[in-house]
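Enquirer: In case you want the letters, here they are:
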Amino acid sequence: METRKLDARIPSGPIEDQWDKLRFEMKLVNPANRRKHKIIVVGAGLAGAAASATLGQQGYHVHCFSYHDTPRRAHSIAAQGGINAAKNYRNDGDSIDRLFKDTVKGGDFRAREANVYRLAQISVHIIDQCVAQGVPFAREYGGLLDTRSFGGVQVQRTFYARGQTGQQLLLGAYQALQEQVAAGTVTMHTRCELVDVVIVDGRARGIITRNLMTGELERHAADVVVLATGGYSNAFYLSTNAKASNCTAIWRAHRRGALFANPCFTQIHPTCIPLSSEYQSKLTLMSESLRNDGRVWVPKKKADHRPAKDIPENERDYYLENRYPSFGNLVPRDVASRNAKEVCDEGRGVGPHGQGVYLDFADAIHRLGLPTVSDKYGNLFDIYQRITGEDAYQVPMRIYPAPHYTMGGLWVDYHLMTTITGLFAGGEANFSDHGANRLGASALMQGLADGYFVLPYTVPDYIASNRLEAVSVSHPAFAEAEAEVTDRFRALLSVKGKRSPDSFHKELGRIVWDDCGMARADAGLRKALEEIPRLREEFWHDLRVVGGMDELNQSLEKANRVSDFLELAELMCRDALDRTESCGGHFRVESQTPDGEAKRDDANFSYVAAWEWTGRGEPPALHKEPLAFEHVPLSQRSYK
Amino acid sequence: MNLTLRIWRQQNTKASGCFATYPVKDVAPDMSFLEMLDKLNEELIGRGEPPVAFEHDCREGICGSCGFLINGVAHGGRRGTTVCQLSMRFFKDGDSLTLEPWRSAAFPIVRDLIVNRSAFDRIIQAGGFISAPTGSAPAADAILVPKEDADTAFDAAACIGCGACVAACPNSAAMLFTSAKLTHLNSLPQGQPQRDERTLSMVATMANEGFGSCSNYGECEAVCPKRIPIEFIGGMNRDLIRALWHRRREALTAPSIVQVPSEG
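Chains as they are written, first to last, in this note's numbering: chain S, 56 to 695; chain L, 9 to 272.
I should point out that these hints are in silico values taken from the structure, not numbers from a laboratory.
Take the hints with a grain of salt, since some may be wrong.
To be verified - Distance condition first, Cα-Cα at most 20 angstroms in a straight line; then the derived EDC-like pairs of lysine to aspartate or glutamate: (1) L:Lys-22 with S:Glu-271; (2) S:Lys-553 with L:Asp-38; (3) S:Lys-551 with L:Asp-149; (4) S:Lys-91 with S:Asp-400; (5) S:Lys-431 with L:Asp-157; (6) S:Lys-561 with L:Glu-51; (7) L:Lys-47 with S:Asp-557; (8) S:Lys-561 with S:Glu-592; (9) L:Lys-22 with S:Asp-605; (10) S:Lys-551 with L:Glu-57; (11) L:Lys-47 with S:Glu-333; (12) S:Lys-553 with L:Glu-57; (13) S:Lys-364 with S:Asp-415; (14) S:Lys-551 with L:Asp-38; (15) L:Lys-47 with S:Asp-569; (16) S:Lys-561 with L:Glu-156; (17) L:Lys-155 with S:Glu-592; (18) L:Lys-22 with S:Asp-201; (19) L:Lys-155 with S:Glu-333; (20) S:Lys-431 with L:Glu-156; (21) S:Lys-553 with S:Glu-612; (22) L:Lys-47 with S:Glu-195; (23) L:Lys-33 with S:Glu-333; (24) S:Lys-431 with L:Asp-159; (25) L:Lys-155 with S:Glu-271; (26) S:Lys-355 with S:Asp-400; (27) S:Lys-431 with S:Asp-605; (28) S:Lys-553 with L:Asp-157; (29) S:Lys-561 with L:Asp-38; (30) S:Lys-431 with L:Asp-38.
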């Protein structure tokens, strides 16, 4: 199979002009010819729905696939906090340049400068686009848009729609998508899950899907395939991701030749509701906007089981404010998470299992008054009460970090093309913009930037620049891929062991969380690299899936997804072991500054680690894309 | 606590279904309702029986995937709560619970507790959008939206499309759902150019999909996990009349609306 070298195809010239220059140089497709080109988009979250709608508007023939019953369910909907844009509406010193620099720095210098600059440029257009669609952003009394500061930055550049920004942005994209469905430019395939990517003559030319209603495998051919299938936080089993979120699409593409970049770069979000029972099926995020007004603390004494209100002020440790006076409670996510783990490991955690820290609103309520606090965060306090039964207006919330986002993903060049020609990846599915740590309110920005403004240029350019002969689904490559998929499903059904798919997923999650979570050590990673293949072996010998292939079978869907997590998790640990530096969310305990902060090793690790699948049971091959920092000088992050 | 569940089991759309009874033991109060069903399903898989099919995804009450009737009440009857956020601490030892899917001709049963809600997508396709092709948008701050209108739009836009309103309505009306989208878009300045067309088209599609009409029972509002108020239906009817009035010079058949007088 033909894979391309790691050429990021960054346009030449000053960084400010690269995207404009490239857009001008791109080839165009005659409007009359566009409908003759078929584009497959897999996933209908922010990136997928935005790309499908926009390419449909341009006149291409788009086929969009979602495993949900309707594209409005995509997990983008759960994002709470907001979306960044360098509008500088607050006149507080924001600019494209500052958003660019904050993002590169926030990512701890492991993102590609050119991509991040483009993201910052596009950010301003996203807000315009969403407002025009009717996204109900928060407004001031004068009718202008309101913004707030968010997650580790010192300007107020985050636009929001109460605590449901992701929902409103997704519904905007969903509505634009439905308009195109009605117009006939987009064909929507719901309850349809990708199970393989089909490559013909070295180019991605189609996909195999499983119809989740009937179990039927279906072949779809196209000129281009775009994956916008989200991240892989569910490798941890317990995460804030939706239950169905999975890595199957990107993993199967990886097995077909797409390199997987920085799999160990995962984000553990600091403000989630702590674990309460062994049956817990997922973790719930509380928007980190809460950190704008809530104060994080734990008791100074170990194992202090007094109720929070009985602990006097001088026996409380506001550890973020004390350690990071200039950023305080607003330090980036990786820093906040790691500090929470540290104080809990010291035995100062709160709550029934000691795995929690307080987020206290007493001061904010005193300063702003109850109505203001309730106006800002009311829905979050409601969620908290519903889950924990506690009233956060009366007692401090308890929070603990949880896996939330994956910065790693399929390697893509500046055009968002993977190493498989004709296969693009957008949104969380790619690795491009966040480096080793994603700043708050940047995921929505990146998903929509890719979907509305990048892919609708680069995908047509690919179509216009290449002579793409029509491919039929009767091509042997489709038959071959379908046969492989059929074998895999039959294999899952034929094990007939004793353990449910969920029990394997839980066990895998515990391994990944313990050894490839907030702190990673050589010994732990080596242990995980022994345990995961063993668990995978057991999976294929003791799995039990009830029911058959030719029906709606949620247990089979789950088993299929878990089988891929069992492979991806190993690559995450291998990547984490290989990268002996700490950076962003990747904290190697062997590499820290004297005061316990992540210590990068720029001389040896200033690169993107892009892994190549070399076959079942074979060690993956590492390719490196060197990263140069010409516009943001390399520096140790300091939030003190 | 120990519970007895009576669950609707149905192999597929064409098959006929029936209730099956399952005891569930050792349910912890801090489990969610769906975690309790996870536990049951693990036990069923252990016995080699097909697990109960139900839809769910985010388990945070925002994606709108989950939903079924618990003892006849959509989402189980806690105000403003989806079934995924329903905690088991609201139940007590010995409770007997009947679980069945949304019942509406417009939502065919797919399997067990899963129904087909694609009719909602078709209502949105009929006009639940503001046409703003990517790239054509004016600067965001060129459009002033009074805070009150923005808040109304937001209240309406909070709908998650779960279908509980339809399931709760004796007429299987989708008017709370449709009026929520219309209120969202029709409240905003950006939504004005398409206001009449949107209203006529969405209401017509709603009727064509086989949903019934509102007769002011108010059950929809009572079960709505996002507390969408029934007053939006009044707004929708007002917008419908407005649209018909604006179009009075055209030969236009009014969609078979809307306000059927209650006989009860």
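Enquirer: For each hint given before, does the structure comply? Return the numbers of the non-compliant ones in rising order.
Expert: 2, 3, 4, 14, 15, 16, 17, 18, 19, 22, 25, 27, 28, 30
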